[in-house]
Every structure is written in C-alpha cells, then in structure tokens.
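Asker: Single-letter residue listing:
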Amino acid sequence: MSILVDENTKVIVQGITGRDGSFHAKAMLDYGTKVVGGVTPYKGGSDVYGIPVFDTVEEAVNKTSANATVIFVPAKFAEDAIYEAVNAGIKLIVTITEGIPVHSMIKAVEYVNMKGARLIGPNCPGIISVGKAKLGIMPGNIFKKGRVGVVSRSGTLTYEIVKHISDSGLGETTAVGIGGDPVIGMKFIDILKEFKNDPETEAVVLVGEIGGSDEEDAADFIEKEFNKPVVSFIAGRASPKGKRMGHAGAIVTPNTRTAEEKVAYLESKGIRVGKTPVEVAEILKEILGNGKK
Amino acid sequence: MNLQEYQSREFFKKLGIPVVTGEVASTPEEALSVAKRIGLPVVLKVQVLVGGRGKAGGVKVAKTEDDVVKIANELLSMEIKGLKVKKLLVAKAVNILKEFYVGFTVDRSSKRNVLIVSDAGGVDIEEVAKNSPQKIFKIYVDPIMGLFSYEAKKASIHLTKDVNIAPKIADTIEKLYKVYISLDANLAEINPLAVVEGNEVLALDAKVSVDDNAMFRHPELEGLYEPSEEEKLELEAKSKGFTYIKLNGNIGCLVNGAGLAMATMDLIKLFGGEPANFLDIGGSSSPEKVASAIEMITRDKNVKAILINIFGGITRCNDVANGLLKALEMTKVNVPIVVRLTGTNEDKAREILKDTPLIYTDSMVDGVKKVVELVK
Numbered sequence: 271m272s273i274l275v276d277e278n279t280k281v282i283v284q285g286i287t288g289r290d291g292s293f294h295a296k297a298m299l300d301y302g303t304k305v306v307g308g309v310t311p312y313k314g315g316s317d318v319y320g321i322p323v324f325d326t327v328e329e330a331v332n333k334t335s336a337n338a339t340v341i342f343v344p345a346k347f348a349e350d351a352i353y354e355a356v357n358a359g360i361k362l363i364v365t366i367t368e369g370i371p372v373h374s375m376i377k378a379v380e381y382v383n384m385k386g387a388r389l390i391g392p393n394c395p396g397i398i399s400v401g402k403a404k405l406g407i408m409p410g411n412i413f414k415k416g417r418v419g420v421v422s423r424s425g426t427l428t429y430e431i432v433k434h435i436s437d438s439g440l441g442e443t444t445a446v447g448i449g450g451d452p453v454i455g456m457k458f459i460d461i462l463k464e465f466k467n468d469p470e471t472e473a474v475v476l477v478g479e480i481g482g483s484d485e486e487d488a489a490d491f492i493e494k495e496f497n498k499p500v501v502s503f504i505a506g507r508a509s510p511k512g513k514r515m516g517h518a519g520a521i522v523t524p525n526t527r528t529a530e531e532k533v534a535y536l537e538s539k540g541i542r543v544g545k546t547p548v549e550v551a552e553i554l555k556e557i558l559g560n561g562k563k
Numbered sequence: 086m087n088l089q090e091y092q093s094r095e096f097f098k099k100l101g102i103p104v105v106t107g108e109v110a111s112t113p114e115e116a117l118s119v120a121k122r123i124g125l126p127v128v129l130k131v132q133v134l135v136g137g138r139g140k141a142g143g144v145k146v147a148k149t150e151d152d153v154v155k156i157a158n159e160l161l162s163m164e165i166k167g168l169k170v171k172k173l174l175v176a177k178a179v180n181i182l183k184e185f186y187v188g189f190t191v192d193r194s195s196k197r198n199v200l201i202v203s204d205a206g207g208v209d210i211e212e213v214a215k216n217s218p219q220k221i222f223k224i225y226v227d228p229i230m231g232l233f234s235y236e237a238k239k240a241s242i243h244l245t246k247d248v249n250i251a252p253k254i255a256d257t258i259e260k261l262y263k264v265y266i267s268l269d270a271n272l273a274e275i276n277p278l279a280v281v282e283g284n285e286v287l288a289l290d291a292k293v294s295v296d297d298n299a300m301f302r303h304p305e306l307e308g309l310y311e312p313s314e315e316e317k318l319e320l321e322a323k324s325k326g327f328t329y330i331k332l333n334g335n336i337g338c339l340v341n342g343a344g345l346a347m348a349t350m351d352l353i354k355l356f357g358g359e360p361a362n363f364l365d366i367g368g369s370s371s372p373e374k375v376a377s378a379i380e381m382i383t384r385d386k387n388v389k390a391i392l393i394n395i396f397g398g399i400t401r402c403n404d405v406a407n408g409l410l411k412a413l414e415m416t417k418v419n420v421p422i423v424v425r426l427t428g429t430n431e432d433k434a435r436e437i438l439k440d441t442p443l444i445y446t447d448s449m450v451d452g453v454k455k456v457v458e459l460v461k
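So the sequence lines, in the order shown, correspond to chains A and G.
Position in the first sequence (first residue = 1) + 270 = the working numbering.
Position in the second sequence (first residue = 1) + 85 = the working numbering.
Note that these hints are calculated values from the structure, not bench results.
Be a bit skeptical, because a hint or two may be false.
As the list claims (entries may be wrong) - Quick list of in silico lysine-lysine cross-link-like pairs, DSS-like style, CA-CA up to 25 Å:
no., chain 1, residue 1, chain 2, residue 2
1, A, LYS513, G, LYS171
2, G, LYS239, A, LYS511
3, G, LYS171, G, LYS389
4, G, LYS260, A, LYS513
Said to hold, decoys possible - Cβ-Cβ distance ranges computed for the label pairs, FRET-style:
no., chain 1, residue 1, chain 2, residue 2, range
5, G, ASP451, A, PRO510, 18 to 28 Å
6, G, LYS439, A, THR528, 37 to 47 Å
7, A, PRO469, G, THR441, 29 to 39 Å
8, G, ASN387, A, PRO469, 51 to 61 Å
9, G, LYS171, A, ILE557, 49 to 59 Å
10, G, LYS439, A, GLU552, 51 to 61 Å
11, A, THR326, G, MET163, 38 to 48 Å
12, A, ASP350, G, GLU159, 49 to 59 Å
13, G, SER234, A, ASP317, 44 to 54 Å
As the structure is a prediction and not an experimental result, all values here were calculated from the model.
Just so you know, even glycine gets a beta-carbon here, dropped at the ideal spot from N, CA and C.
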C-alpha cells in the first residue's frame, strides 16, 4: 500500500504548457504516473508529449475523470488555480509553485478544507508513492520500493536522506514534501495520520527545519497517538536567529525554538534525531533491522 | 520587507488611524524646523529597522530648540546594531496616561491571521508573551470573512472598561486590520497605542512588515525599501537568481536547495568548521549563475575554501561538472574548491573533474570533512 496517491490516481497538470509544467509532466509520465491531462487557459485542444491540454480544470475533469492535480502555474495565478481545482471537484491538490503570498494561502487553505479537498504544498517537491505514482518534481530514480515513509519540509535535503534510505536497502513507501512556506495545506500530523493506517509503512522519517512549531506539534502527536518508530533530521543548527534561510518559513523568531531546542524537544518525546542525513538511515537500520518482515 | 516607522505611519494615516503629529528629518536643521512647526517638546526617534531602539539610546526627548539640534546631531551620527542612522522621526511629545499593544500577524499553527492585544503596551511584546502570557489576548481571524466588528469591540473591552476609550480602540483595531490586509503584511502593530490627555487614542509607533512574496501586487511600495549593506548583497543575489546570506565563518558554501544548504552548514559546524555563508543556487543553474555565485562568495575575504554541494537529481552530474568548469573559467578563484555531486552519471562527472584543481567527492559527509580539513 501507500498513502494519498497510487497507480490508480488520475492526474492533471495545471500550467502544463509552461517550462516546468511540461518538463515535469513528461517526467511524471515516464515514472508511470497516470497523467491524463493538462490545463492552460486558451491552449485547450493542443497537447504536451501526447497529454491532452484543456482550457479549464472542469473540462479536464469531465473528459478524463481526473482526481488529483499538480499545480505549476506562476505565483501570481496559483491561488486562483487552487480554487479552480477545488471547484472542479478535485480532492488532492499538489502545489509546487514557490512564492505565493501568505495572505493568499491563508484563504486558499481554508477554502480547500471547507470543500473537503486536501492540499500538499505550496513551495514543495510534491508526493511520490514509490513504483506507483509521482506527483511532483523529485527525481524518481533515487527512490526504492520499501518500508519507510518520508515526510519533509524540504526538497533536495529530502532527496539526500532518501538516497541513504534507498542505499541502506530499506527503501520507501511514500515520500511527501509538505513545503517550506509558513502557511501550508497538509502538515506533518496530517501525513502521519495517513502513515499510521498504511500497513506497508513500518517507520517514518520526519525531516524538519527551523521556523514555526510543526515539528513539536508532530512530536506531541507521535508520543500520544502514533504507532510506528519515527526518526528525524532537523536542519538549521548553524543558522543565525532572525534570518530567513531561503524557505519563507525557515526563520528563528523570538517565539520559536532554535534547531537545537527542536531536537531536544523531539528527543524528549522519544524520537531519535540523526545529526547527518546518513545517520538517519543508520538509525532506521538499527530499529528495523535488515530482514524483510 | 520591513517598512520604516515614518513610512508605516503614512499608511496608518491614509486609513484614518490617529497618529501622533510628526515628520521625518535627515539633518539637525530639518529636525529643528519640524520641531518649530509642531511645537516643543518633541521626541526624536532614530529610523532604523531594529527592535529595541529605545534601549539602544535611539529615542530622546528634546525640550528646547538647542536640545533638538544637539540631540539630532548625536542621533544622526549613531550606529545601532550595525545600522547607520540616516533619518529621524520628530514627533510631538505627549503625556501618556495608558499604553496598549495592538497588532496583527500570521499564526502558522492555526493557518490564520491573528489579532493580538495586550494592556502591557510600550514594551517588547515577545517578552510579554514569554513572561506573562496571561496579559496577551488573541482573536483568530476567519480567513474568508475577515475580522468582524464585534471581535474588534470584544478585544477593546478586554483592554479597558472605560466607555470613553474602548470604542476608539475598537475603531483603531478595525483600521489596523485594513492596513494589514491591504499591504499583504506579515505584521502590522501599534506599540504603544496610547491614551493621552482628553481621552484621545494615539498611535505612538507604527510597525509594518510586508510579505516579500506579495510585492508583485504592491506597486505603491516600490522604492520604499531601505536595505542595509548586508541586505543589498542579498538583493543583488536575488536579482541573479540565487539566495545568499553572509555569515561569519571561512568556508564558502554553494548548494542547490534551501534545506540542503542549511544541512550543509550544519555539517560543516558539526565537523569543526564555520560556514561563511548560506547560498541556495536554486533549481536550474546555468554556468553564468554559478559563476556569479562563486564571485559573490569570494568577495568575502574570510573565505579560505569553498564547498559546492549539488544533489543532481534530474539534472545529470556530467552536465553539472561541465557547467562548473565553465563557471570557473569565467571567474578567478584563489581558494580550493571541493565539489560534491550526486545523481545520475556520477562516474562521468568524476572523469571530467579528474585533472582539474577541483576536489571531487560523491558523499556529503566526505565533502564536508575535506573542506574543513583544508581550512585548518
């Protein structure tokens, strides 16, 4: 099994005719994802790598029965793209776009929740259920079907850790990049709830960073309600306070914990935290052992 | 982007928030003429974007014209937390009866805007939140409907039972919400919102921080940004397509992705080194972009070695390696460079970089160890 997406997920790409949209639509297709259509207003009737392009999400859903979307449209238009997807009945919305204003996201996240849809991102690499479907921009070749679920606020750092998990032979079930912005759709806890019910996921890696308190909220949840071992990595130990470290949400403010304090909090809740990406895989190996279950 | 107090005040005024009378001045002469116009005594406040200006000696009262010139002179030659003072706000000194805090900011946990009020005004609100949280009252704003009038009233009643004052505070809260929303702010606060003689309510300070991601829909804010020297460097990097933040160590870093860049710095520190900078080169990195990033890293004379850490992913390592060589032809580098590349075609990358001065590795830990060794 896997969480949120699998080989039956029918995916459309919003912003499919753009540079990133077309490149990654092809990469998703090559990975085996059912990419059934794309949307770019005024480009309906054309195609991208054989994928039909529609003017609206509504039309795309009517013609293809798509149930998930990946949004690549520029930041200026991304909020509207989310509303369009929700109103067309799409239930899983993955927003890759970086740089969406936080006030737009506050409204969009609320709207998505009101309508019973789910949002991953924005400013994220997306989600991959290994060997089944990839809705995002991560390199598919570093993943190996296996036993570990991954949830992360980061992109390339996740790839770094995933590579070690794959190299260790453990492999992954689903990996979700929830995004580096202050206001996002699904958070650590939402993803953990999914992993909790996935029999194939035997352990979870939680990749966090400075800024906010989502890691601590997740730790509280794990202590009380989670049923599988969790290993973490927290980025930002060497980052100065008050500076935004690339991600809009990665900043230590007077009201938030530093990386060391986050690590200490997680450890106090029984979560082991690796000091390096490779150590995360080593700890997992120690916990899960080598043998297949 | 943080607005200066004198700039934030203008947006407050536009939306009808009562602010204390005052004007901005860049010279002692200007300060004097403002003081004459608005009447003595006046408060002179340095316009720099740091907290705790008062504690740092950047806020002073002048009772006479001579005082105004003397104090303005003194303040305009000050440096506060590394920032040179270039402007002063000269404001009418008022007799404060009571001080409140009112502000709006983004609450990440609830994914909502939040109104924060406190009757402990005039002091650092973060300190209040930490030490006496019972003095903080919050209202989470409905994302779709916005702030309701009754909520502003509720907050005002929480601050004071005085019916001559509470409605004025409620009105100010509603107007501050309009400032906050209309400017796409991360923060809009009045600290203190003061009750002065005659039961008037006046904003004695104004602080607005605008979401950088929202600048595209705020042409009215263009030209208002007054970056520090450090921020100028960060802006230059941004215009070239990467993110750079200067730090104090001697190992330059060039990494793709913000999380990996942070983790690279963490590992440098873990193995006994000190990073000289944070640098996220972003997704698609042309040789030109890499060249200008390396040029910026080596502008820092503390840099003794550079670590390039690229997780190839979809891009092939041999393409990255060729790009790096091209970039190094474009910019002269006198310090050793360790290159860590991983992804597809690692072997080809190793081959390409074999007879070059670049030190190649495919492991992050190994690359960090190597670069730390080089600066010892």
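Asker: Please go over all the hints and tell whether each is borne out by the structure.
Answerer: For each hint, the structure was consulted:
Taking the CA atoms of LYS513(A) and LYS171(G), the gap is about 23 Å. The hint holds against a cut of 25 Å. About 35 Å separates the Cα atoms of LYS239(G) and LYS511(A), which puts this hinted pair outside 25 Å; it is violated. As the CA atoms of LYS171(G) and LYS389(G) are separated by approximately 35 Å, the hinted pair breaks the 25 Å bound. Between the alpha carbons of LYS260(G) and LYS513(A) the distance comes to roughly 30 Å, so the proposed pair goes past 25 Å and is violated.
Restraint check, ASP451(G) to PRO510(A): a C-beta distance of roughly 26 Å satisfies the suggested window 18 to 28 Å. At roughly 42 Å, the beta-carbon separation of LYS439(G) and THR528(A) lies within the given 37 to 47 Å, and the hint holds. In this structure the supplied range 29 to 39 Å is violated for PRO469(A) paired with THR441(G), their Cβ-Cβ distance being about 50 Å. For the hinted restraint 51 to 61 Å between ASN387(G) and PRO469(A), the CB-CB distance of approximately 53 Å keeps it satisfied.
Against the hinted window of 49 to 59 Å, the Cβ-Cβ separation of LYS171(G) and ILE557(A) comes to about 57 Å, which satisfies the hint. For LYS439(G) and GLU552(A), the Cβ-Cβ distance of about 31 Å falls outside the hinted range of 51 to 61 Å, so the restraint is violated. Hint check: THR326(A) to MET163(G), Cβ distance near 59 Å, so the stated range 38 to 48 Å is violated. At roughly 53 Å, the beta-carbon separation of ASP350(A) and GLU159(G) lies within the given 49 to 59 Å, and the hint holds.
About 52 Å separates the C-beta atoms of SER234(G) and ASP317(A), a value consistent with the hinted range of 44 to 54 Å.
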